[in-house]
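Got chain A sorted already, so can you dock chains B, C and D onto it with the hints?
The chain contents come next:
Protein chains: 4
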Amino acid sequence: MKRWELDAVGRGGPQLRTVAIPEPGPGEVLVKVAAVSLNYRDLLVMESGMGLSLAFPFTPGSDLAGVVAAVGAGVTRFAVGEKVLSTFSPGRLDGPALGTARVPPYKTLGGAYPGVLAEYVAFPEDWFVKAPATLDAGEASTLPCAGLTAWTALVEYGPVRPGQSVLVQGTGGVALFGLQLARAQGADVIVTSGSDEKLERAKALGATHGIHREREDWVEAVYRITADRGVDHILELAGGTNLGRSIEAVALHGTISVIGVFEGFTVTGPSGPLLLKEPTIRGINVGTRRALESLVRAVDATGLKPVIDARYPLEALPAALEHLRKGAFGKIVVESH
Amino acid sequence: MKRWELDAVGRGGPQLRTVAIPEPGPGEVLVKVAAVSLNYRDLLVMESGMGLSLAFPFTPGSDLAGVVAAVGAGVTRFAVGEKVLSTFSPGRLDGPALGTARVPPYKTLGGAYPGVLAEYVAFPEDWFVKAPATLDAGEASTLPCAGLTAWTALVEYGPVRPGQSVLVQGTGGVALFGLQLARAQGADVIVTSGSDEKLERAKALGATHGIHREREDWVEAVYRITADRGVDHILELAGGTNLGRSIEAVALHGTISVIGVFEGFTVTGPSGPLLLKEPTIRGINVGTRRALESLVRAVDATGLKPVIDARYPLEALPAALEHLRKGAFGKIVVESH
Amino acid sequence: MKRWELDAVGRGGPQLRTVAIPEPGPGEVLVKVAAVSLNYRDLLVMESGMGLSLAFPFTPGSDLAGVVAAVGAGVTRFAVGEKVLSTFSPGRLDGPALGTARVPPYKTLGGAYPGVLAEYVAFPEDWFVKAPATLDAGEASTLPCAGLTAWTALVEYGPVRPGQSVLVQGTGGVALFGLQLARAQGADVIVTSGSDEKLERAKALGATHGIHREREDWVEAVYRITADRGVDHILELAGGTNLGRSIEAVALHGTISVIGVFEGFTVTGPSGPLLLKEPTIRGINVGTRRALESLVRAVDATGLKPVIDARYPLEALPAALEHLRKGAFGKIVVESH
Amino acid sequence: MKRWELDAVGRGGPQLRTVAIPEPGPGEVLVKVAAVSLNYRDLLVMESGMGLSLAFPFTPGSDLAGVVAAVGAGVTRFAVGEKVLSTFSPGRLDGPALGTARVPPYKTLGGAYPGVLAEYVAFPEDWFVKAPATLDAGEASTLPCAGLTAWTALVEYGPVRPGQSVLVQGTGGVALFGLQLARAQGADVIVTSGSDEKLERAKALGATHGIHREREDWVEAVYRITADRGVDHILELAGGTNLGRSIEAVALHGTISVIGVFEGFTVTGPSGPLLLKEPTIRGINVGTRRALESLVRAVDATGLKPVIDARYPLEALPAALEHLRKGAFGKIVVESH
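Chains as they are written, first to last, in numbering that gives the first Met the number 0: chain A, 0 to 336; chain B, 0 to 336; chain C, 0 to 336; chain D, 0 to 336.
Okay, chain A solo, but in the shape it has when bound:
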């Protein structure tokens, strides 16, 4: 079978190699990978290691949709032929994540654990959930990280109520899931972008307002759109000093879900409105396996279709990563056939 492997951080990029199909051990399932969706984090891991102790040769990628091809001894949750998704943080079933204050939890596929950019993987059955019935493999592969992150922010922690407003920054994978999930809960959605064309595409997906962030101050635009009320829930996807702008834009008792780090690894903001408006600022670390199951159920019930900007064959991973680096409208997916 084919598998992408990296021999060292930051040098040369991953190589597509032919290796033996793994055998599922006791409690494991062998999954034939149909699609893998990419995250910007995959680039960071390959280029910098992100401080993780990777095992080389290292296979990147965390989010797969596939089909169970074989089961090891003692497997009870899945049978051969069932469609499954991977979980981003193996072992986080429900409740708080696994880790300490000193060593925060960050054991993920394509990181501390092996990745999924391969034709087959063999992992413990607990690392998978049932795939949705209403999505193809490429669409389904976008749920374990991008979809679940937006779901955790807007549904698990929410609640987003009908008539509230939600603002998403940009039009990447998490942003568009946020747009769709907020609309599914009856909320107005404001999208910020530096591109008129992307704002139009966001409106076609249901966004109620678009702000071109280079043509006007986005916080002033929020005041205008909301008649000074502010926005009830912000998906903070830029980070850095942008958190301060979000604190200015948020409504009284609103929520800011901090997800992205594009503008740096230090967040800053003003104390005054933070104290006076009593917003909740909360980091989002993807989510639990139980929440992913709830998302799958919601996708099937509501007919939500994830937005895929482009699909590449497994062999074309380098082109897919290049697309990702330039910025995508929604998700980039790599598929096997």
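Hints were generated in silico from the structure; no laboratory data involved. Computed from a predicted structure; not experimentally measured. One should not assume that every hint holds.
Claimed, not checked - With a straight-line cut-off of 20 Å between C-alpha atoms, the simulated SDA-like cross-links for lysine to any residue are:
#, chain 1, residue 1, chain 2, residue 2
1, C, Lys106, B, Arg76
2, A, Lys129, D, Leu97
3, B, Lys129, D, Ala226
4, A, Lys202, C, Thr301
5, B, Lys106, A, Asp227
6, B, Lys304, B, Arg200
7, C, Lys106, D, Gly271
8, D, Lys129, A, Leu97
9, C, Lys129, A, Asp227
Stated by the list, open to error - Residues from chain C shown here face chain D by an in silico Cβ test under 10 Å; the list is partial:
#, residue
10, Gly98
11, Gly239
12, Gly253
13, Gly259
14, Gly268
15, Gly271
Claimed, not checked - Far from chain C, some chain A residues (derived; all Cβ distances over 10 Å):
#, residue
16, Pro21
17, Leu53
18, Thr265
Glycine residues also receive a C-beta, built at the ideal position from the N, C-alpha and C atoms.
Same frame as chain A, but now just chains B, C and D:
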């Protein structure tokens, strides 16, 4: 009657003047002030105005305990002779505060509204609540701002559960209320201070752990005390870059209540642990009238006694403010007789 | 002006009389009534008094939409010409209702307070909220009781999450609001009814499943539809022994909102599934003024249109009440012109 | 080793037999049982089977404290010599219980799974948690069912806030844990009992009020004690028609946790106060493994000591059961040495 009045921000300080006792208008009560507790904010308002449009002559002070001396037409909530407390944010009865995203709510006594450093005040009856039965006037006067701020953080927003840990920074008024309320809910309490003597006094009040923040890194001390688990709820009373240390010290899914601004009006912190540990960071804007009534009830039920560092007669306000400026262990109170 | 008046409980029914247009006192607004929606409770009050001490002549009706025609001294919240709605429980602004364990809160318009079946009413400004911009008066008049009851159950107390299931019993006013609000939050909706035609109309409104409760056991049907999972949130509109069926039908950790009393004033149910499934059973007492404002905002944002079965002129109240008694699909409204 | 075994439901009672010490299989630990606390449910299982399909010979008992004596292959959570507690519902780690609406979850030790009235048991390591450091084995054995039930009601679902009131019915095991946990959270506690002596003992444990339920109507007594406000949280330990009395006694927006079934398997109550006061009524099904770990932590932090009425040697199980049948003040424990 006597009343402290300021004629302009930042010049000369307040003057003690003799003025006519006010008449309660329709819906108002006349209250004979027995005690006023001081907040550091009172100094900031007198010295800088804090951007508020004050009406001069301006009387500072927000937190009183007193006795109803007369009632205006149509008053139904109070009778002459009843003991009352003021509310810090008049008109905020329950639910979200009053304001917008653009103009956050900050209409308080001794600010946008007149203050209480006087022998009598006449205000609308809705601005008061019944005083606790178990406290003297000086103790009771500490509830409307310092007591309610700690209550809002640890009880209204809480919950603090038995066996959890709470960390309070320093030994000022809000910190010691936080200590006492956390203990009343069965939590362990860690206090940080730059003074061994204050740490000892905090332990005598029930603190389970003290950290001398000049002799050791307080975050490392938290890891040591909690076996790396981190602390479940932090009262962030310093602000500024200290918020970043609190993000390092907090437990997974813990809470940081941002209250103080001693270290500056810009908060900063690291994105990594914010994303991975999913803490809730929330500004605290004192609280509602309904919450103050709940605090009064709790004080009477549990026997909690606010910590007063010193009591001054009304005439000695300048000395009281000087004490406040140097830092107090708990609250400074000014009393009339 | 015209006003319906009842001279005694249970005798003869209300009379349409000509009386003077009231003058708004200090703090009051005079509202020209455009529409009044009827509740089954109005019949109970007129026929039995419901244990309330009514003031005769008594005007029934609680839910109006109208226009401010004049304002009394000191009014600040409304101006002449503004469209308004009444609040069902005057004085309940936010937070818990007003009352005690011994004397539960039940001071409503058309009950302990006067009613609104008249061409004009003069009430305190605090008893009104701004009407939605997107509804006509008849539609808007359905929000204060039926709309708010469903909103309190499914949104304020909720949350209802995308992909969850909600069951509403019957097709009356609260049931159809429940259907629409649940759909607006991304939930599947199951409707029970004794009429195929009503089930079809409910499906046209968005219901995902209908159960004809005379042709099959509705609890077994729920098991079938949900693959034994049960339903996440039930609007219990029948009461009596039907609560026991709802306890059987509810999912683990689901919610049963108890609203209706058609099957009697004593609820009963089995302990076994109550203990093992840990559902939340909660009575719903309409809601707060703040929640009504949230509902108005949601209606304008989502385009929700209340379902009106029939509209009658004010003079035809007896015919409207007769329709109500027979059972309506949605709401019955009485309008003035 | 010795083990109690029942050969059939309802005939002859359990027999103390000598059997081989079990071998821990892969993933299992062998635990030397130091103490088992008894629940009334153990009697019901032995006498009626409670509808469960028991495997005979059946060993009753669900709550043990013991020491790990050996570990099977692949065990990672425990080492030989560690003190452990059993979990009442094996496999319920966190989040909702395991089951469906049709078949509610009730797979427990000493029920669908084997029991613990033996000198040794060998179970999967996931079925245990670490024991508290501050309790002896007898005390610790009371946590998995009685302690956790009260904890789930008053802490997990709570919150109980300082100054609130909690009412517990009777002085059995769950009631006294409820008393102690409510006090640890700063609440007033009202105890009802038919015995002056038990009321005195409850007051010695911290109860603030006692009601002799044969000498006065307990609901009227609650109104008297709370000045008509009602009680904020009731542990409903009687069930049956008593739920109706609890609905009368509960405060507005209060909580009734339904736990006991002494007065029958059908609960009944009045609709009126249920609708008007909006209480939350919720069944309690013991709790999760994660919650048991939180309780253990709280016990160690607060110094809470479970109340044991009597301790019997393992051989004296019949006498212990007879004591249980007559009613105990707190818990009955059986110990091995």
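Violations among the numbered hints, reported as their numbers in ascending order: none
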